[in-house]
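Asks: For the sequence shown, counting from 1, position 161 maps to 161 in this note's numbering; every step adds exactly one.
Any given hint could turn out to be false.
Said to hold, decoys possible - Listed below are the simulated DSS-like cross-link pairs for lysine-lysine, each with C-alpha atoms no more than 30 Å apart in a straight line:
1) LYS102 to LYS71
2) LYS176 to LYS131
3) LYS102 to LYS160
4) LYS102 to LYS176
5) LYS179 to LYS131
6) LYS160 to LYS131
7) LYS77 to LYS67
8) LYS29 to LYS131
I should point out that these hints are in silico values taken from the structure, not numbers from a laboratory.
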Amino acid sequence: QSPGRMQMDNTGLRDEDLAPFRIRKRWEKEPHPYIFFNDDHVSMTFIGFHLQPNDQNSIDAIDPTSKRVIKANVMTKVLYDGLNLQRVPFNINFDSLPRGEKIERLCNVLGIQWPLDPDETYELTTDNILKMLAIHMRFRCGIPVIIMGETGCGKTRLIKFLCELRRSGVATENMKLVKVHGGTSS
Numbered sequence: 001q002s003p004g005r006m007q008m009d010n011t012g013l014r015d016e017d018l019a020p021f022r023i024r025k026r027w028e029k030e031p032h033p034y035i036f037f038n039d040d041h042v043s044m045t046f047i048g049f050h051l052q053p054n055d056q057n058s059i060d061a062i063d064p065t066s067k068r069v070i071k072a073n074v075m076t077k078v079l080y081d082g083l084n085l086q087r088v089p090f091n092i093n094f095d096s097l098p099r100g101e102k103i104e105r106l107c108n109v110l111g112i113q114w115p116l117d118p119d120e121t122y123e124l125t126t127d128n129i130l131k132m133l134a135i136h137m138r139f140r141c142g143i144p145v146i147i148m149g150e151t152g153c154g155k156t157r158l159i160k161f162l163c164e165l166r167r168s169g170v171a172t173e174n175m176k177l178v179k180v181h182g183g184t185s186s
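Construct the entire structure; sequences and hints are all you get.
Replies: Written as structure tokens, this is what we have:
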């Protein structure tokens, strides 16, 4: 047996022991805190976390759903107060925003000047917006993206929405759909 194909007995190992060696992270089990510098090069979009003052006169980043601290002491209280005075929008619950405002904020990051809602039936949750922005940022950095999931979980619909949003009503093809199934060969 070649060393690259050796099997190892994992009995007795806990998930915490293996965590540093795992490459793939499960989307649904991790928080996704993002600060996006918008395409206007002036404003920022904060999504996936809230900011909360702590006992040490500093600010923690917390998961908005679980209220768990993602990172302690991410900024000083002075910086936080200064950004608040400049009306930087922190702690926005994206799920409670009107649909038009969600699309507008998404388009601010994507650099789309005239936002059009490409599909009014598509549910724009914070999770879907985070996935679209994560895909966009990886493309922007030249990082390949593989989207995996169960049949019918919304992978194609999410990408179609993002592509239609990017088209902004212009008649151009910016997506090629290739279906790959188990057992497919080239």
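Asks: Please work out if LYS176 and LYS131 have their alpha carbons no farther apart than 30 Å.
Replies: 19 Å, holds
Asks: LYS77 and LYS67: Cα distance at most 30 Å?
Replies: 19 Å, holds
Asks: Verify the proposed pairing of LYS102 with LYS71, using a straight-line Cα cut of 30 Å.
Replies: 26 Å, holds
Asks: Below or equal to 30 Å on CA atoms is what counts here, so check LYS29 against LYS131.
Replies: 14 Å, holds
Asks: Starting from LYS102, check that the Cα of LYS176 is at most 30 Å away, please.
Replies: Holds: LYS102 and LYS176 sit about 26 Å apart, inside 30 Å.
Asks: Has the given pair, LYS179 with LYS131, been kept, meaning a C-alpha gap of at most 30 Å?
Replies: 20 Å, holds
Asks: Compare the distance between the alpha carbons of LYS102 and LYS160 with 30 Å, and conclude whether the hinted pair is satisfied.
Replies: OK: LYS102 and LYS160 at ~17 Å, within 30 Å.
Asks: Taking only the CA atoms, is the gap from LYS160 to LYS131 under or equal to 30 Å?
Replies: Answer holds: LYS160 to LYS131 is near 13 Å, not above 30 Å.
In this structure, every one of the numbered hints holds.
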